[in-house]
Structures are given as C-alpha cells and as structure tokens.
Amino acid sequence: MATSIRNLNFNNGQSINLGFVTEFWGLSGLSPIETVHPTSINVNRFKKTLEENYSSELPNAIAVLGQTFETFDEANTTLDGVAEILQNQYWLWGSLETGGCFMWSAPNSGECHFHNFYGLYHIDDMIQGSWYTYYSGGIVIPFRCHVNDDENLPIVDNELFLFNANDTDENGPVNHVYNSQLKIRCVDCRSLNRYIGDDYEWLDIWNQNQWIESSTSVSDWKMHYLYEYTTDNLANSNPHPWKRWKQSRIIPNIEWFLGIDVENGELVGHYVPIEESDAVTVSDDNPNGDSSNPGGGDGDKDGLGDDVDTGDAPSSNFLQTGISRIYIPTQQQMTDFNKYIFSDISQSAIEQLKKMWSNPLDYVENLGVCRLTGIPSSGTSSITFGGVNTGVSSEYTSNAFLQFDYRLDKKITEYWGNALDYANYTKLKIYIPYCGLYDLNADEFMISSKYGGCDILLRYRVDLMSGMCVAFVKPERAQYDSYYGNMNSFMYQYNGNIYLPLSLTATDWRNTYQSVLGIAGGIIAPSPSAVAGMAESVMAQKVNVQHSGSIGTNFGYMGIQKPYIILEKPSISEPNMNKDYNYETMYGYPSNKLVKLKNCKGFIKVDDTTIWTNTIHCSDDEANEIKELLTGGVWI
Amino acid sequence: MDAKLYFNKSDKRYINKDIEQIQPHESSAEWLQVEFIEPTSIVNPRLIFSTESNVLQANYLFLKDFGRYYYINNHTLEHGRVIVECHVDVLMSFSKDILDENVVLNRGNRDMSNMYLNDDKLKMYNYSLFKTINFKPQGNVYFDENKEQLVMVCSGSV
Chain A
1 MATSIRNLNF NNGQSINLGF VTEFWGLSGL SPIETVHPTS INVNRFKKTL
51 EENYSSELPN AIAVLGQTFE TFDEANTTLD GVAEILQNQY WLWGSLETGG
101 CFMWSAPNSG ECHFHNFYGL YHIDDMIQGS WYTYYSGGIV IPFRCHVNDD
151 ENLPIVDNEL FLFNANDTDE NGPVNHVYNS QLKIRCVDCR SLNRYIGDDY
201 EWLDIWNQNQ WIESSTSVSD WKMHYLYEYT TDNLANSNPH PWKRWKQSRI
251 IPNIEWFLGI DVENGELVGH YVPIEESDAV TVSDDNPNGD SSNPGGGDGD
301 KDGLGDDVDT GDAPSSNFLQ TGISRIYIPT QQQMTDFNKY IFSDISQSAI
351 EQLKKMWSNP LDYVENLGVC RLTGIPSSGT SSITFGGVNT GVSSEYTSNA
401 FLQFDYRLDK KITEYWGNAL DYANYTKLKI YIPYCGLYDL NADEFMISSK
451 YGGCDILLRY RVDLMSGMCV AFVKPERAQY DSYYGNMNSF MYQYNGNIYL
501 PLSLTATDWR NTYQSVLGIA GGIIAPSPSA VAGMAESVMA QKVNVQHSGS
551 IGTNFGYMGI QKPYIILEKP SISEPNMNKD YNYETMYGYP SNKLVKLKNC
601 KGFIKVDDTT IWTNTIHCSD DEANEIKELL TGGVWI
Chain B
1 MDAKLYFNKS DKRYINKDIE QIQPHESSAE WLQVEFIEPT SIVNPRLIFS
51 TESNVLQANY LFLKDFGRYY YINNHTLEHG RVIVECHVDV LMSFSKDILD
101 ENVVLNRGNR DMSNMYLNDD KLKMYNYSLF KTINFKPQGN VYFDENKEQL
151 VMVCSGSV
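If you read the sequences in order, they're chains A and B. Residue numbers for the first sequence follow the numbering used here, beginning at 1 and rising by one. Residue numbers for the second sequence follow the numbering used here, beginning at 1 and rising by one.
Here chain A stands alone, though its shape is the one from the complex (with noise of 0.2 Å):
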C-alpha cells in the first residue's frame, strides 16, 4: 500500500524517510539510535527499544497515520511490550477500519518537559507479524510533547514539524504528499480509563469509540483547533515553498498537537490539543476517583445501565385472517372505487340488494390520506368490502403497522465546549410532523465532537389502520465512562395522527342511499312506503363515523413533512483582548482541581479552605494575607 508520507522533517534539518526505514531519534540533538526495517519492526520491539534508551522518559503520544487495520491476533498476544496493552482487546484494531489512524497518549510520570520526537513506524510492509494477523499502510508516530518551561529558548528550538513532506530538487526544498486519502484520528486522554502495565501506566484506547476523524464534520472542529493550514493539489507532487506546508509548531503552552488531512488532493491540518492533566494534577475532579468521596453519600457511583429500544413493530398477523385489509389505492383507482359505489341500475341486482340491505360504510373502517411515501405494497386485488367484490383493483399493503427511521443530517457537537452546551444555557427542541414541537433536555443529547458527537433517532411507528402514529426519540452518542453513563436509549415518545381523513360521513351516505333506494323501487317492486320503513330502520342502526377530532391531523397534513430540531445556545461576549492579555490570562477557567501550585502557570484563583499555611513560615497575619491574595487570584 502506498506510503502517505515520504518525508518527515525536523526543523533542525534532519528528515526521516517514511517510505523505508524506521529510525528513533533521541531526546538530545535528534540523532539517530536505531535503524529498523519495516518487515521486522512491531509495535512490541518499538517499546522494548524505548525502555532499552528512554527508561525514564517514554513517549507520551503516538499517533498512526495511515490505511487500513485489522484484526489483532488474539491468540499471539504476550504480555510483553505494548501488546501488554493490546491483551483482551485485541479487536481496538478492527475499530481502525475507516481511516485506519489513531493516536493514543500515554502519559505516565508527568515528569515531560522536552518537545522531542522519538521514532515513527512505517508498518507499511507488516503482514503476519509475531503479534498481528494483519495490517497495511501505517505510520506509527510515538513522540513526547509538552511544554517547555524554558520561555526564553528561541522559538526555532521549539518548532517540530510534524508530518511534513520534504524534498529538495535543484531549485531549492519542495514538498510531496503522495496519498490523498491520510486521515487522522485522536482522542482525547482525559476520558481514557487507565491499564496498569508492569512497567507504565498506560490509557485505554481500546475500549474507546469517540475517535476524533479529522476528515469529518470539520465545520465543527474548529473551536478545538489551535491552527488550520489549507493547501492545494497537494496529491500531484508540484513543488511548494515547504514552509507552507508547515504542520505544527509545538510550542509552550502544555498543549499537544497533532493532525494532518489530506482528501481530495487537498491537505487540512488539523491541530487538536489533547491536554494531559496528570502532567500538572495531584489529582482531578473526576468522581470515579476514590480518595474522596463528594456528596458524603456512600453511593456505588455507578451511571451505567441497560439500554432502551423500541423492540419491533407489533405483527400484521392478524390481517391474513381477512378480517380487514388495508388498501392503497392510486387516486384512479379511488375514482373507480367511487363510480362503483354511486353505482345504480347498471349493477346487478344482487349486488344493489347487498347495498341496499348494508351500508357500505360499515365496512370501510377507515378512508384516509397521508403524505407517506413508501408503504409496502404486498400486491395487488380488487377492492371487497362487505362480502361485494367492487372490481376495482387496488395495491394492498400486509402490514399493519410500518416503522420507519430518521436520523440527524448532522450530528449534535458541542459548540462552545464548556458547560454552555448544556441546559440550562442551551435549549433544544424538536420538530416531529404529526407530533408536534417539543423541548428535549439538551445534556441528554450533548457531547463533544471529541467523542463523535450525538446523533438523534427519530423512529416513527404507524398504525395504518388507523393512522395513529408514535415517535421514539433516542440520543445516540458514545458511551464513554461509567460515570456519565450511557445514553443510548429511547427517551421519549410522542403521538399524532398521520391521517387527514376524508368526508366520508354516515350523512353522506345516508343521503346517498335514499336517493339510491328510490330509484330502485321500480325494480325490486315493494310499496314504497314499505321500502321507506325498511330503509329507515336500517339506517337508525348505523354507527355514525366520525373523524372528527382529527383536528390536528389536519395541522400535521399542511405542515412541514420533515423532522428538524433547533438548537439554541448563548452567546458570549469577550472583551477584545489579544495574545498576551486574553480571557485565559486575566480570568482563568474554572478548574476545581487539586494541583501542586509550582505546576501551574498564568492566572489561578486558589479555594481558600485548601490552603494550608502551616508550612509556611510566616505570621499569622501574612498567613492570612496570602490566603487572602491566593483566593482573590494570582499570576505564576
């Protein structure tokens, strides 16, 4: 398969050769330590080799550029290296089949402070290694990036560039990307769940499915991006200045990036910070923690629980019995239908007698229409009612009730990505035909494009036979920790009316059947005054049909046919601040974690009940101005 990349390329004006070998480039200088060929490299001597060289600093993020991954080979796992990781969930790599790129980040001491590259893989020519059955065109990019403490470097010993196609021709460098379809997926540490290695400590990828895929919904991933680079034609190898190819520039501000896309011949970076808190906390607010317990209360915290479906449509069944069929006439044929029915002297006498003896709308349960398309047809047959065969021919459908589903054209993303995504500051509504325009609770349906946003299923379920319909609403987003639980079930339903009835009332028909009764007095030859007393007696036992009521399956007929839902969010007014001085810098964000004060840096706000100044070696009054100074806010 081909190789997405040729060159990677380092500022420092190294470049490795993707297309060929692997090397791993130390902490200091860049230099290379080991060259391997792709066909004997696997992921578990990439570890070896990093302990053997970096025992105390591993790398922090990996990222796989590349094709297509599948299936990992159970059977052949050790528990050796990163296949350690890989045991008991080996079908991670049968997640990767679109795209085929990933990158996983395993912080584990904390203690990172280099923005160094450590090696890269080309697992292009990897087939029947010792430890998978299979995979093609990839690019494993372990690499370690955090900050850098010191602000006065120069800004050059600080720029990596990531993924960057080089080359040099006789006027000078240019630049190739030689596959148009590189994606890149990452995730996002803080939700991982963490696997104990016998050396590291390691974050779950496995078991995770909110992917961040580059090459979608890239509209809405721009409030996560730091940078955006567009180019163009980048698939045809036309030589470009290859600084506009520039990718990232890792710089100190505790941010990891990582991105690149290229489809359609067009390359998009995309720059996804991937924040690593255990690299500054003590420890977070996360709830599953267990060295405290908030709320005081002794609950087992457990937000997972059983999803929620619809189960199927109830069965038809009880049609085949012939007790009612459910036709779908074409216009024509209810023309047809019609004339039959207004019918006088040219039907047989038989067949007037049956009209005469029975209302025919004693035997049509229901006459509607409905802008559905799509009701299966089980066939064809001519219309009966009643016993009397009309002649008139007409599709029929077997199924009673008809389920049929809708889906979000876009996904629900969080747009701001703090707590004004959600309710009580962001409303959310839905518009469901025949139902009608409800409020749904907006948390239920939130979540952040970082874990594939919340799709909407909007099932309806349809009685024909009557018209009477219900909508199943169901947010389907990843399940992503068993604090927040998962949210994969049907939460609400609503009914209406699909049907806008029509005038078939007993009135009608009582009218027409006077009429129909006097003509045919000649024939049948009773006295007419018996006929009339006849008549009448039948008619007081008709059941009046009404469809009234249905006032709002006319509403639902003349209204928009197409489900919708409205998104309403605030919005935030920021002062013009710039680079230096922003909202980052002069406010901070709520944080709510415990950290070591050295770890931080910028504006912090500290809780004054978590500050102890015992072992400060202070009075007491200086004591109380420090805690008077650390709860009103202070730069580091």
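Warning: the hint list may mix true and false statements.
What the hints assert, rightly or not - Computed footprint of chain B on chain A, listed as stretches where at least three residues anywhere in the stretch have a Cβ under 8 Å from a Cβ of chain B:
1) 316 to 330
2) 372 to 384
3) 403 to 410
4) 417 to 426
5) 587 to 593
Claimed, not checked - A few chain A positions that, by computed beta-carbon distances, are all more than 10 Å from chain B:
6) 306
7) 340
8) 391
9) 472
10) 490
11) 493
12) 578
13) 610
14) 619
Unchecked claim - DSBU-like cross-link-like pairs, simulated, lysine-lysine; straight-line CA separation at most 30 Å:
15) B:123 <-> A:410
16) B:64 <-> A:596
17) A:596 <-> B:96
18) A:411 <-> B:147
19) B:136 <-> A:411
20) B:12 <-> A:627
21) A:429 <-> B:17
22) B:147 <-> A:429
23) B:64 <-> A:427
24) A:598 <-> A:410
25) A:569 <-> B:12
26) A:596 <-> B:17
27) B:123 <-> A:605
28) B:136 <-> A:627
29) B:147 <-> A:339
30) A:605 <-> B:12
31) B:96 <-> A:429
32) B:12 <-> A:598
33) B:4 <-> A:598
34) A:410 <-> B:17
35) B:121 <-> A:598
36) B:9 <-> A:605
37) A:569 <-> A:598
38) A:410 <-> B:136
39) A:598 <-> B:147
40) B:123 <-> A:627
No wet-lab data here; the hints were simulated from the structure. All C-beta atoms, glycine included, are put in the ideal place defined by N, C-alpha and C.
Model the placement of chain B on the given structure of chain A, informed by the hints.
Frame of chain A, contents of chain B only:
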C-alpha cells in the same frame, strides 16, 4: 540592617516579581545599610535611608535580616534623609513555600481547567445563537411533501 532596593515592574498579584535592582549613588555595594524607626513591625516596617541611597527611584526592597520583600508604600523626606514606609510582599517573600502548596484551584489556565463547571465570569449577550438541523430518512418510507397517498381500510374483504 542590609537592604537591597529594586524597581518592581510586576503587578502585586504576581507571585514572582519582575524586579530590577537599583544601585545607590556613587556606590557599587551590593547591600545598603538602613535603620529602623523603632519600634518596628516586620509586616509594615519604617526605614531610614540616606538620600544617596537612590531610594526615591525604588518601589520595592529586600531586607536581608527579615528575609522578606517589601513594597515601598511611601517616601517621606526629612532633614536630608528619607523615611520609607513598607509593607511586606508575602507572595514574593514566601514564594517557594507557596508554590509547594497542594491546593484546589477555583480558576486556572486551560490546562488546569474543567470547562464544564459553571463560569460566573463569562459575559453573555442578550441574544442567542440558533441552529436548525434536519433529519434525513433512513429508508424508503418517509414523509414526502409531494406525496398524497390514499389509504382505505375495509373489512369483509374475504
């Protein structure tokens, strides 16, 4: 008592200050000799400087014996000397101890943040942003505004 004079360029709310030492006139001595006005307070000392000390250029000082940094609140000239009223800068003076503290942050930078907590600092406009998203049918059965489908349910159709 030994003292060093500084010009402090930082806001008082910075734990570590950006300070620049001020040398006395015609002297390259590292430390200045100053006197207290007794009785004195370690939190709010009053010191006597000579006019040659260049103290009028300073807004910040360090007292070696107290091991503390001080803001200079006021200069008073009196009989050829300068009386300086100070207040201790607890943040700078005890910065090492403070930075070793484990605390719970109410607010911090992005790396310390939990953006899903309510932020009472955020200002919001009095108008909202709206977005509508359509649903799309997942099969062949759906509501079609251009469709008129008659449905008739009959009994006795055997």
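The hints, checked one at a time:
1. 316 to 330: holds (count 9)
2. 372 to 384: Result for this restraint: holds, n = 7.
3. 403 to 410: Since 7 is at least three, the answer is holds.
4. 417 to 426: holds (count 5)
5. 587 to 593: holds (count 7)
6. 306: holds, 24 Å
7. 340: holds, 13 Å
8. 391: holds, 13 Å
9. 472: Check passes; 13 Å lies beyond 10 Å.
10. 490: holds, 15 Å
11. 493: Holds, because the least Cβ-Cβ distance between residue 493 of chain A and chain B comes to about 16 Å, which exceeds 10 Å.
12. 578: holds, 16 Å
13. 610: violated, 4 Å
14. 619: Nearest chain B Cβ is 7 Å from residue 619 of chain A, so the label is violated.
15. B:123 <-> A:410: holds, 29 Å
16. B:64 <-> A:596: Distance ~28 Å between residue 64 of chain B and residue 596 of chain A Cα, so the pair holds.
17. A:596 <-> B:96: holds, 12 Å
18. A:411 <-> B:147: Given that 30 Å is the threshold and the Cα spacing comes to 28 Å, the pair holds.
19. B:136 <-> A:411: holds, 12 Å
20. B:12 <-> A:627: holds, 14 Å
21. A:429 <-> B:17: Distance of about 52 Å is beyond 30 Å: violated.
22. B:147 <-> A:429: The given pair, whose Cα atoms are some 26 Å apart, holds under the 30 Å limit.
23. B:64 <-> A:427: With a Cα-Cα distance of about 60 Å, the restraint between residue 64 of chain B and residue 427 of chain A is violated, given a limit of 30 Å.
24. A:598 <-> A:410: violated, 43 Å
25. A:569 <-> B:12: violated, 38 Å
26. A:596 <-> B:17: It holds: about 20 Å lies between the C-alpha atoms, which stays within 30 Å.
27. B:123 <-> A:605: Measuring from Cα to Cα gives roughly 19 Å; hence the hint holds.
28. B:136 <-> A:627: It is violated: about 57 Å lies between the C-alpha atoms, which goes past 30 Å.
29. B:147 <-> A:339: The given pair, whose Cα atoms are some 24 Å apart, holds under the 30 Å limit.
30. A:605 <-> B:12: Within the cut-off at roughly 14 Å; holds.
31. B:96 <-> A:429: Violated, because 53 Å separates the two Cα atoms, which is more than 30 Å.
32. B:12 <-> A:598: holds, 18 Å
33. B:4 <-> A:598: holds, 26 Å
34. A:410 <-> B:17: Violated, because 50 Å separates the two Cα atoms, which is more than 30 Å.
35. B:121 <-> A:598: Since the Cα atoms of residue 121 of chain B and residue 598 of chain A sit roughly 25 Å apart, the hinted pair holds (cutoff 30 Å).
36. B:9 <-> A:605: Roughly 22 Å separates the two Cα atoms, so the pair holds.
37. A:569 <-> A:598: violated, 37 Å
38. A:410 <-> B:136: holds, 9 Å
39. A:598 <-> B:147: At roughly 68 Å apart (the allowed maximum being 30 Å), residue 147 of chain B and residue 598 of chain A break the hint.
40. B:123 <-> A:627: holds, 27 Å
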